[in-house]
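Colleague: Sequence:
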Amino acid sequence: MSNKLVNKNKTFLKQETAEVGPYATTEEISKSRVVKDIGYGITTPRTAYEEYYDKKCPFTGDITVRGRIITAEIVKMKAEKTIVVQKNYLHYVPKYKRFERRNTRLNVHLSPCFNGLVQVGDTVICGETRPLSKTKHFAVVGIEKKASDKNVKEFSL
Numbered sequence: 042m043s044n045k046l047v048n049k050n051k052t053f054l055k056q057e058t059a060e061v062g063p064y065a066t067t068e069e070i071s072k073s074r075v076v077k078d079i080g081y082g083i084t085t086p087r088t089a090y091e092e093y094y095d096k097k098c099p100f101t102g103d104i105t106v107r108g109r110i111i112t113a114e115i116v117k118m119k120a121e122k123t124i125v126v127q128k129n130y131l132h133y134v135p136k137y138k139r140f141e142r143r144n145t146r147l148n149v150h151l152s153p154c155f156n157g158l159v160q161v162g163d164t165v166i167c168g169e170t171r172p173l174s175k176t177k178h179f180a181v182v183g184i185e186k187k188a189s190d191k192n193v194k195e196f197s198l
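Numbering (this note's numbering), first residue to last: 42 to 198.
Note that these hints are calculated values from the structure, not bench results. No false leads were mixed into what you were given.
Label pairs and their in silico Cβ distance ranges:
#	residue 1	residue 2	range
1	Gly108	Val76	13 to 23 Å
2	Ala65	Val161	33 to 43 Å
3	Val76	Pro135	46 to 56 Å
4	Ser189	Ala120	22 to 32 Å
5	Val134	Val76	39 to 49 Å
6	Asn144	Ala120	15 to 25 Å
7	Glu91	Thr112	17 to 27 Å
8	Thr176	Pro135	27 to 37 Å
9	Lys96	Thr145	25 to 35 Å
10	Arg87	Lys136	47 to 57 Å
11	Asp78	Arg109	15 to 25 Å
12	Tyr90	Leu131	34 to 44 Å
In the DSSO-like style, the derived pairs of lysine-lysine whose C-alpha atoms are separated by at most 30 Å in a straight line are:
#	residue 1	residue 2
13	Lys122	Lys77
14	Lys186	Lys96
15	Lys175	Lys119
16	Lys187	Lys77
17	Lys128	Lys186
18	Lys97	Lys128
Glycine is no exception: its CB is placed at the ideal position from the N, C-alpha and C atoms.
Please model the entire structure based on the sequences and the hints provided.
Modeller: Shown next as structure tokens:
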């Protein structure tokens with residue numbers, strides 16, 4: 042099995058922070074790989090040390106996580122490298138002295154280091170970043186709970 046980097050689905054072949062000569066061997070390339078610790082008590086995933094390059098990844102790219110950190114549930118995974126998450130919360134209505142349920146949907150960047158690890162229904166940790174596109178301002182930084190771990194009640198008559 043060769044250790045050559047294979048370009049799949051518009052991934053970036055060069056990590057901008059890593060300096061490697063044009064005649065570098067695969068060992069030199071793997072040693073020069075830069076992986077960041079983003080802080081906030083979040084551990085860097087094991088897959089971030091493998092062979093992928095993404096400019097918008099909080100672990101290997103050039104973005105930093107700052108601002109809000111939220112936990113939300115994955116609703117859609119139809120776009121490439123983008124997921125839609127939904128954050129549920131309660132809003133107090135003083136007139137009726139009760140709470141109402143509300144939700145907010147956000148477009149979040151899904152780094153290639155989480156490919157195959159998350160699915161619809163999972164709870165993920167998202168960190169706020171600089172604007173990554175017109176609608177994306179958050180990136181997934183961790184997985185909190187799998188969808189299969191939740192207690193699902195079956196409908197019965």
